[in-house]
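> As given, the protein sequences belong to chains A and B, one line each in that order.
Every position in the first sequence, counted from 1, becomes a number in our numbering once 2 is added.
Every position in the second sequence, counted from 1, becomes a number in our numbering once 53 is added.
Check before you lean on any hint, since a few could be wrong.
27 angstroms max Cα-Cα, derived BS3-like pairs, lysine-lysine [to be verified]:
1. A:100 / A:206
2. A:158 / B:234
3. A:109 / B:60
4. A:268 / A:100
5. B:60 / A:100
6. A:109 / A:52
7. B:60 / A:206
8. A:231 / A:52
9. A:264 / A:231
10. A:206 / A:5
11. A:5 / A:158
12. B:384 / A:158
13. A:52 / A:11
14. A:18 / A:231
15. A:206 / A:18
Here chain B is said to cover these stretches of chain A; the calculated rule only asks that three of the stretch's residues, wherever they fall, bring their Cβ under 8 angstroms from a Cβ of chain B [said to hold, decoys possible]:
16. 88-99
17. 114-125
18. 258-268
Each pair of labels, with its calculated beta carbon distance range [stated by the list, open to error]:
19. A:168 / B:392: 32 to 42 angstroms
20. A:47 / B:63: 28 to 38 angstroms
21. B:393 / A:36: 54 to 64 angstroms
22. B:391 / A:126: 54 to 64 angstroms
Source of the hints: derived by calculation from the structure; they are not laboratory data.
Glycine is no exception: its CB is placed at the ideal position from the N, C-alpha and C atoms.
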Amino acid sequence: MSKLTDFGKQRRETTKMVPVPSVSIMPERDLGSAPALECLHLGIEFGGLKAVDDFNITVGRTEICGLIGPNGAGKTTVFNLLTKVYQPTRGTIMVDGKDTAGMNPAKVNQLGVARTFQNIRLFNTMTVEENVMVGLHNQRHCGLATSVLRLPHHWKSERWYQERALELLDIFDMTGLATHEAGSLPYGAQRRLEIVRALATNPKLLLLDEPAAGMNPSETADLMENIVKIRDTFQIAIMLIEHDMNLVMNICEGLCVLNFGKIIAKGTPEEIQQNEAVIEAYLGKQKGGEA
Amino acid sequence: MGFMHLKPQTHSTVITYAIVVVAFIVVTLLDGMGLISNSLSGQLVPICAYVSLAVSLNLVVGVSGELSLGHAGFMSVGAFTGVIVAGCLARMGVESELLLFAGSAVVGAVVAGIIGFLVGIPVMRLRGDYLAIVTLAFGEIIKNLLNNFYIGVDDAGLHFSMTDSSSLGMSQGTILINGPKGAVGIDKISTFVLGVVVVLITVAVVLNLMHSRDGRAIMAVRDNRIAAESVGINTTKYRLIAFTVASALAGMAGVLYAMNYSTVIPSQFDFNQSILILVYVVLGGMGNISGSIISAAFLTVLPEVLRPINNYRMLIYAVVLILVMVVPHTKVYQRAADALRERFHKAAPKPAAEGGEADE
């Protein structure tokens, strides 16, 4: 496994990518509607260090887009910028055509960006079901007084949250774990639960930070199926950071390669596999291995 | 559907209410048989007040995960508001003790809730140790403010001064709050039954809040703030809700507490009082409502029960506190607790581990 072209053999078909007026490419089928995400000259500095610099990307409404690069390239920082965990030093982020300037993470989520975390962040003392119900928080309202007085609307809402949570857990066949404590789940199940919780917020753009980390090959294969299934069912854009090249080359339609905080290449998986700069960044000039 | 097959959540809720109701029945029966000493029966209302305070503080410390050291401040706001309201109502000719108490308790809770909300706005910008220190400061500020309040009522209405009681300008009214001398001449209208009602209301509000949309949001913020934000939860709002509701409930408990004595003074509601309530919460278990009830009741009764050996009273109290903290961490205790748990929770199997993965 020394060449990037070795990956992605199971790929079914290649999406036709077309240049869009701004700065990037996106799937032809998404041309009719506003992109799910558009970043222009996004950048952040930590005490003079440009962790991310001049980051431009357009993600189509139903695109699966990969963000790859060597360790420390700034991939997770990009996610933290997109979700406003960090406030960008410069540049704009447009979600679904709306500028997110000045928003906090909660607002950005309400606008339609949901994410998972590289180091899993679940509500560990709560049950699996409750974790998803927290994700459903903004999908239905039930006031404080209504809940405390246990009015009929409270019971109706609780039933709705629970039914909806079970439906979502069913995507990953996790309904059987609904009443277990989230912190007690095995690692792979925790990763899947994070995705379900993110989906519960009804996003337009789902950011997955290393979804396959710590998974074995068969689990990764299942995950790949599920990511595509989620995109097809919910018709949302998915952007993922992943080191598993097999996953990236098989399911991503557009790829963006980051090194030292800068985009070094953008294109379809086939183009990226041939790109000299990428091969050098990943594999070095001589023979090496990276997966 | 048997009791053991209920959801664990419902299960613990039922147990919590049962503890309060059974304790009420047992005490009432014992009292009827004349088996409760005078000094202990005098403690019944304070026990109820402390149980409510512990349960409401648990909403902040256990459920919301913020260390608050100013709970006695909100208790005193409720206590003194209650005294004023009761004084005014009495002057307006309300005679029913139940009405007097209900009016005081409601207004006391609302005012304490408002103060809690106002204090919470700056406090909730902080986290952890900083938050604890600032709540401590606000508790002291409230105490010192009350030390300087002179409030009286006559036929013309309420009179307020911050210098002394003579500057109230009343000809023939009653002084309700007299600066550092506190509230004097309170109608002692608190009873054990009212106390249990206050406890039940507090427990119901806290449990209902915990098991609702807003309660889940509060616990989510406690478990992982960044993740909670990432799913669209306004973390400040939910921490503030927990803080405000807890303050209001503390206010109600303060009314109950004050109405049990003929005099209450502001310096009773100092830092030590806040710590005492915090001790109940910590010993009862963070986020464990029935634990708070039991520990508050037990630790309020203990010094009274130990009165015959007066010299060693506080020594034993301290030793008990240490033991309660240490014993649960011993192997013997843990083994016994596991055995008990297994016996009662056979129905809930652990999730099957999935092959080929390391635990985090």
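> So, for every hint listed, does it hold in this structure?
Now for the hints, and whether the structure bears them out:
no. : hint                              : verdict
1   : A:100 / A:206                     : holds, 12 angstroms
2   : A:158 / B:234                     : violated, 52 angstroms
3   : A:109 / B:60                      : violated, 34 angstroms
4   : A:268 / A:100                     : holds, 24 angstroms
5   : B:60 / A:100                      : violated, 43 angstroms
6   : A:109 / A:52                      : holds, 26 angstroms
7   : B:60 / A:206                      : violated, 34 angstroms
8   : A:231 / A:52                      : violated, 37 angstroms
9   : A:264 / A:231                     : violated, 31 angstroms
10  : A:206 / A:5                       : violated, 34 angstroms
11  : A:5 / A:158                       : violated, 56 angstroms
12  : B:384 / A:158                     : violated, 45 angstroms
13  : A:52 / A:11                       : violated, 36 angstroms
14  : A:18 / A:231                      : holds, 20 angstroms
15  : A:206 / A:18                      : holds, 22 angstroms
16  : 88-99                             : violated (count 0)
17  : 114-125                           : holds (count 7)
18  : 258-268                           : violated (count 0)
19  : A:168 / B:392: 32 to 42 angstroms : holds, 34 angstroms
20  : A:47 / B:63: 28 to 38 angstroms   : violated, 52 angstroms
21  : B:393 / A:36: 54 to 64 angstroms  : holds, 59 angstroms
22  : B:391 / A:126: 54 to 64 angstroms : violated, 20 angstroms
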